[in-house]
Amino acid sequence: MRIVNSLSNVPTLFMGDFNEVLSGDEHVSQQRQRPAWQMNNFRQVVTDCGLFDVQYVGFQYTWCNTFTSPDSTKVRLDRGLASKCWMDRFPQAKLTHLSTNTSDHLPIFLSIGDQTLGESKLKPRFRFE
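Quick note, the sequence shown lines up with residues 85 to 213 if you use our numbering.
What the hints contain is simulated information worked out from the structure, not anything from laboratory work.
Hints are all accurate, no fakes.
Below, in silico cross-link-like pairs of lysine-lysine (DSSO-like), each with a Cα-Cα straight-line distance of 30 Å or less: (1) LYS158 / LYS168; (2) LYS158 / LYS178; (3) LYS168 / LYS178.
Using the sequences plus the hints, can you model the full thing?
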């Protein structure tokens, strides 16, 4: 993320499974807690890159070892991290944590509100018949 972020001043969004959490409340487990140094390292990268957590709606955790057990491990691994430029361009953006029956990860869906993705309209394609 540091390399990609340093190469560009364009609006940037990183989205997906980061396999890490930003804080202890994003990891619930009766077996073990996440090491503080791992969360600190991830937070440091996010801070160094000037990224912000895109707000979400839905179930707090996006991964669970078993959604049917009350003492299961639940973690928010999947998220969107965006540059200030991206957040300014899409202020209504939010992620929705959807439900699933087929995976241990909840799918995440990004909605950016009513904004368009580009300033200009697409140019018509040249066609030869």
